[in-house]
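2 protein chains.
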Amino acid sequence: METLVDNIAGYEYGANELATSPVTMEDLELLKQTITLDSDDQKFLRMAGDVLEPQTESIINMWRGVISSMPHLAFYFKNEAGKTDEQYKAKVKERFKQWIMDLCYKPYDQDWLNYQHEIGLRHMSAKKNKTDNANAAPFIPMRYVIAFTAVVNDSIKPFMAKNGHSLGVIEKMHKAWCKAVLLHVTLWTRAYGGNEW
Amino acid sequence: METLVDNIAGYEYGANELATSPVTMEDLELLKQTITLDSDDQKFLRMAGDVLEPQTESIINMWRGVISSMPHLAFYFKNEAGKTDEQYKAKVKERFKQWIMDLCYKPYDQDWLNYQHEIGLRHMSAKKNKTDNANAAPFIPMRYVIAFTAVVNDSIKPFMAKNGHSLGVIEKMHKAWCKAVLLHVTLWTRAYGGNEW
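Protein sequence lines correspond, in order, to chains A and B. Per the working numbering, the very first residue in the first sequence carries number 1; after that it's consecutive. Per the working numbering, the very first residue in the second sequence carries number 1; after that it's consecutive.
Just so you know, these hints were derived from the structure itself, not from any lab. You may find that some hints are simply not true.
Note that the list lumps identical chains together, so a pair holds whenever it fits in one copy or between two copies.
With a cut-off of at most 27 Å between alpha-carbon atoms, the simulated DSSO-like pairs for lysine-lysine come out as follows [claimed, not checked]:
#, residue 1, residue 2
1, K32, K89
2, K78, K97
3, K83, K97
4, K128, K43
5, K89, K127
6, K89, K172
7, K32, K97
8, K162, K128
9, K175, K32
10, K43, K162
11, K175, K127
12, K83, K32
13, K175, K43
14, K162, K78
15, K43, K106
16, K78, K32
17, K162, K172
18, K97, K175
19, K130, K43
20, K83, K106
21, K78, K93
22, K172, K157
23, K157, K78
24, K162, K127
25, K78, K175
26, K128, K172
27, K162, K83
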């Protein structure tokens, strides 16, 4: 996927300009333990990545379909007059596709940690819209960032079945996926959370 | 379970003293939509409740086993000297058992909503330890409240299989459970979250 990355506007994974995450590598290690995300899960995530790579466009289209069907979520792509910022939506889509790949393949190092914090900020008024010069709602409430993981987790399983893996392997890929999504979203809440995060 | 409820110390579900949740019934409805938690899920949750009711002690023991095995989580039952407050732990256990039943059976009404907010506060320095006069760490960080759902979700499935339901039905009970847990935890984060919750 490295060839794709250069073409994604606003995708600043590993960029020097990114702030260091306030979450330390030690905090991350304890979070991974809490989620029981281990090296076996990471093996199944890479396997899932191989199955999902040619399907990222379809996956995002499906999630976008859910968002479009719920006005209270579609709202966050719209300006005050209720008009969707299509350019913004298209740019976020490319990064969202890349996120699926990163979730499956990227090691949990400092660059990864910093980018998760950046993603959190980009959902908040601190940074939302700024990367893409978008004209849309100023922030996405934390509750929807957490709650939407239900859709992200439930709907991914059929896509994981496309390469003919056994049901047992698909189950393991899916369990690893759910843990990884939980880790990501937990880190994205760092920017929203107060002193007791 | 109504007979049990009277005997649970600090279980104030529906009590007049409870504050009204800052989350409205309309907010709740949109959250349920986002999580795609519907009446079918609630049917399977009740079915799960029937299977889980005689097992709540074993389930909490299993979760407590995971917590005990992770010093960074066991920490929250301990005082500054590193001594576990066993009385506190025992009282919370009874409420935790009841929580499993409430998750499966209770309707999503104002009483339910208010109690979820109370549970959030009881994880924070605002209210932790106060209900039980406990001598333990002042708050549980939000990140662990979210992250621990991985354990709560992964480990419940075998308990759901105890009454001989088909794999398809167990799968549906489990999916409903995961959605309900997500709804609860999202609401518990209300007290932690700032303006952009």
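Outcome of the hint check:
Within a single copy, K32 and K89 get their C-alpha atoms only as close as 31 Å, which misses the 27 Å cut-off; across copies the closest is 24 Å, which meets it. For the identical chains of this complex, K78 and K97 are intra-copy neighbours only, at 21 Å inside a copy versus 44 Å across copies, given an alpha-carbon limit of 27 Å. Taking the shortest Cα distances, K83 and K97 sit within 27 Å of each other inside one copy (24 Å), while across copies they are farther apart (48 Å). Taking the shortest Cα distances, K128 and K43 never come within 27 Å of each other, neither inside one copy (33 Å) nor across copies (39 Å).
Proximity of K89 and K127 under a CA criterion of 27 Å is satisfied intra-copy only: 15 Å inside one chain copy versus 42 Å between copies. For the identical chains of this complex, K89 and K172 are neighbours neither inside a copy (32 Å) nor across copies (33 Å), given an alpha-carbon limit of 27 Å. Taking the closest pair of Cα atoms, K32 and K97 come within 27 Å of each other both inside a single copy (24 Å) and across two copies (26 Å). For the homomeric pair K162 and K128, neither the shortest alpha-carbon distance inside one copy (34 Å) nor that between copies (47 Å) is at most 27 Å.
Proximity of K175 to K32 under the C-alpha cut-off of 27 Å is found in both arrangements, the shortest distances being 14 Å within a copy and 23 Å between copies. Within a single copy, K43 and K162 get their C-alpha atoms as close as 18 Å, which meets the 27 Å cut-off; across copies the closest is 31 Å, which misses it. Taking the shortest Cα distances, K175 and K127 never come within 27 Å of each other, neither inside one copy (31 Å) nor across copies (34 Å). For the homomeric pair K83 and K32, the shortest alpha-carbon distance between copies (25 Å) is at most 27 Å, but the shortest distance inside one copy (40 Å) is not.
Taking the closest pair of Cα atoms, K175 and K43 come within 27 Å of each other both inside a single copy (12 Å) and across two copies (24 Å). With identical chains, the CA atoms of K162 and K78 are never at most 27 Å apart, being 34 Å at best within one copy and 48 Å at best between copies. For the homomeric pair K43 and K106, the shortest alpha-carbon distance inside one copy (11 Å) is at most 27 Å, but the shortest distance between copies (39 Å) is not. In this assembly of identical chains, the alpha carbons of K78 and K32 lie at most 27 Å apart only when taken from different copies (22 Å versus 35 Å within one copy).
Taking the shortest alpha-carbon separations for K162 and K172, both the intra-copy value of 15 Å and the inter-copy value of 22 Å come in at or below 27 Å. In this homomeric assembly, K97 and K175 come within 27 Å of each other (Cα to Cα) both inside a single copy, at 20 Å, and across copies, at 25 Å. Taking the shortest Cα distances, K130 and K43 never come within 27 Å of each other, neither inside one copy (35 Å) nor across copies (44 Å). In this homomeric assembly, K83 and K106 never come within 27 Å of each other (Cα to Cα): the closest approach is 35 Å inside a single copy and 39 Å across copies.
Within a single copy, K78 and K93 get their C-alpha atoms as close as 15 Å, which meets the 27 Å cut-off; across copies the closest is 46 Å, which misses it. Within a single copy, K172 and K157 get their C-alpha atoms as close as 11 Å, and across copies as close as 14 Å, so both meet the 27 Å cut-off. Neither within a single protomer nor between protomers do K157 and K78 lie at most 27 Å apart by alpha-carbon distance, with minima of 30 Å and 40 Å respectively. Taking identical chains as interchangeable, the C-alpha atoms of K162 and K127 are never at most 27 Å apart, the minima being 36 Å within one chain and 49 Å between chains.
Proximity of K78 and K175 under a CA criterion of 27 Å is satisfied in neither setting, with 34 Å inside one chain copy and 32 Å between copies. Neither within a single protomer nor between protomers do K128 and K172 lie at most 27 Å apart by alpha-carbon distance, with minima of 34 Å and 36 Å respectively. Taking the closest pair of Cα atoms, K162 and K83 never come within 27 Å of each other, the shortest separation being 36 Å inside a single copy and 52 Å across copies.
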